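Asker: Here is what each chain is made of, one letter per residue.
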Amino acid sequence: MKIVVCIKQVPDTNEVKLDPKTGTLIRDGVPSIINHDDKNALEEAIKLKDKYQNVHITVLTMGPPQADVALREALAMGADRAILVSDRAFAGSDTWATARTIAAAVRKIGEYDLIFCGRQAIDGDTAQVGPQLAEYLNLPQVTYVKHLEINGEKVTVERALEDGYEVLETTLPCLLTTIKELNEPRYANVRGIFDAYKEKTVEMWTANDIKIAADQTGLNASPTNVKQTFTPSPKGQGTILCGCDKDTICELMCKLQEKHII
Amino acid sequence: MNFNLTKEQEMVKTLMRKFAETEVKPLAAEIDENERFPRETVEKMARYNMMGIPFPKQYGGAGGDNISYAIAVEELARVCGTTGVILSAHTSLGAHPIYQFGNEEQKNKYLKPLAEGKYLGAFGLTEPNAGTDAAGQQTLAVLENDHWVLNGSKVFITNGGESDIYIIIAMTDKKKGTRGISAFIVEKDAPGFSIGKIEHKMGIKGSSTSELIFENCIIPKENILGEVGQGFKIAMQTLDGGRIGIASQALGIAQGALDESVKYMKERKQFGKALSQFQGLQWMVADMATKVTAARWLVYNAAWRKDQKLSYANEAAMAKLYAAEVAMDVTTKAVQLHGGYGYTREYPIERMMRDAKITEIYEGTSQVQQMVIAANIFK
Ligand SMILES: Cc1cc2nc3c(=O)[nH]c(=O)nc-3n(C[C@H](O)[C@H](O)[C@H](O)COP(=O)(O)OP(=O)(O)OC[C@H]3O[C@@H](n4cnc5c(N)ncnc54)[C@H](O)[C@@H]3O)c2cc1C
Ligand SMILES: Cc1cc2nc3c(=O)[nH]c(=O)nc-3n(C[C@H](O)[C@H](O)[C@H](O)COP(=O)(O)OP(=O)(O)OC[C@H]3O[C@@H](n4cnc5c(N)ncnc54)[C@H](O)[C@@H]3O)c2cc1C
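Chains as they are written, first to last, in my numbering: chain S, 1 to 262; chain C, 1 to 379.
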């Protein structure tokens, strides 16, 4: 089974600071990590490799040359091959252009049975790239995967919903986006770290290599316009009601009604 | 000259920091309180190939370097001195002598499982009457037909009772003095070998420190390490490398105490201000941070020299002497900065201070390091 895992290198913070003037991310001084959900994606792929024979894992990222370290870490966790898709032409890509670029890279990889993406990147936060990539590649997709079984060609997935989960079946090849409930990602392995730097390589692919035209990627191929970014004002404090007498319960019922919860 | 860590060393540091914070730190107070050996941590370290960092892959190691190994011990000790010494004694004292002096069969039979973390290793040199004066060995090894017979005892052995493999130093020919000492590989199940008293200690309480007893203990003839009569040299060179590990442990403990202090000083308010705003305390912390940084470069320098195959005994002695002093100094000041809370078990600081003290004692006391350094100056 050939698996492609799309990972994104993101700044290590849940509260990325924004430059209030330009509305862009302030990345200086923030260490970079592999996006959390993508680690779950990678872990699931490695678990399949632990379980079945002949599983081969390619990790793929589109990003600046510094994203090399994210790929090396993925190799140190257990991926077999790493590809960094990097080109000035990609700068300013929104999710649409990013997904199209990644799709071009996946086509160059050629053979694959399963593509994993994380649900959502902690910086961009759109959760769009996975689904868009599936559409570009014309693949069945299941998002928010919290449990996965693969039996031959048959893929059985539990898909998390806000108030429960649904069980879906699909077949290989397909694209799945993963959430943290899926598994507990392993650490990088110390021997894996030395192998990743001494024995393995990160392949560098440019726009040319993946045959994507200049007008298909980057800022000009991105329909999204960021009008403004802002930090939403914090939610008000909750109210705590104590007691089990009639008055307290009435007060509770009133408040819930006010908020149209009941 | 280049003071940057390589990319792989950087990644090892990030990994070890995260591993230590999530897997090791939550156990630190409990294993200290209960004097419990953290077997589960050893198993986790084995899974992630942390138990043989500086050994080649063909012998089960990670194929890494000594700086990465030093960083690993440092990061573990930063949150738990016990876990730091378990890795250090295992790697430097249990496994390394086999790597350096063992033959091919011994490397395959013993180094491989040690480096893979399937076995835990220990090293027995110290005896009741042979401490600093390590040449005064009274344990005897006699060759009888196809096996050695060992009689005697060792004290204060780190990982004793928990280990699968013990490197044992013993006298094979009393007449020859230090040249009559040899080194042996003893398996835990060797007939006539048993574990005696387990020490109750001031610090590193989760690490086991035990007596080893040999009563007509029989080991195969081929389990001699190196040549007959080479044992004292093997022991001394093993300790040269081990000192890098203990220096890293001391460095980690000091860094941990410094980090805890900085955090506490920002939170704790007196006279309407955070402690971190009092200049008298700021200056104390500035000195602590400077010493920790100086210790770090001494430690990494010794490890770097070992990686470069340069002489490192003198540098390792300096690193251990200084890092241990810094650990004691910084942890004592850290307790001071925490006030009464620092003296209680609510905070990790008193444990760090107790853990720091041993780094001035084992693998050669501070006085022994001074002897090594002075001998090098006045040679
Ligand atoms: C107008 C506009 C301009 C932008 N300009 C820039 C810019 O100049 N520089 C910049 O860094 N960002 C830029 N961005 C943000 C960037 O395009 C998005 O971060 C990116 O498209 C991914 O979207 P996301 O972060 O929401 O990921 P999500 O859609 O939330 O990610 C879901 C999953 O998709 C996969 N994935 C996402 N991104 C990648 C990737 N790059 N490689 C591999 N897999 C991936 C991962 O598996 C991830 O978990 C811009 C966005 C917009 C709207
Ligand atoms: C927790 C712990 C773990 C240990 N682990 C191991 C282990 O794994 N393997 C092992 O073999 N040993 C181990 N040891 C033993 C340790 O290395 C010795 O305790 C140490 O070498 C000191 O020996 P000693 O205790 O006999 O002290 P002594 O030699 O009696 O020294 C007492 C004091 O006198 C000083 N002194 C002695 N001789 C001189 C001199 N000539 N000049 C100046 N000062 C001198 C010493 O520095 C010390 O301050 C361990 C000890 C402890 C406490």
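Don't read these hints as lab results, they were simulated from the structure.
Fair warning: there could be bad hints in the mix.
[Unchecked claim] As a list, the in silico BS3-like pairs of lysine-lysine whose alpha-carbon atoms are at most 30 Å apart: (1) Lys200/S with Lys112/C; (2) Lys109/C with Lys17/S; (3) Lys44/C with Lys25/C.
Predicted model, so just to flag it, every value in this text is computed and none were measured.
Asker: Does each hint fit the structure? Answer for all of them.
Answerer: Now the hints, each set against the structure:
A threshold of 30 Å between alpha carbons decides the hint, and for Lys200/S with Lys112/C the separation of about 23 Å falls inside it, so the pair holds. Taken as a hint, the Lys109/C and Lys17/S pair is broken in the structure, with Cα atoms around 55 Å apart against an allowance of 30 Å. Only pairs whose Cα atoms come within 30 Å are accepted, and Lys44/C paired with Lys25/C is accepted, the gap being roughly 14 Å.
Checked against the numbered hints given earlier, the structure breaks only hint 2 and satisfies all the rest.
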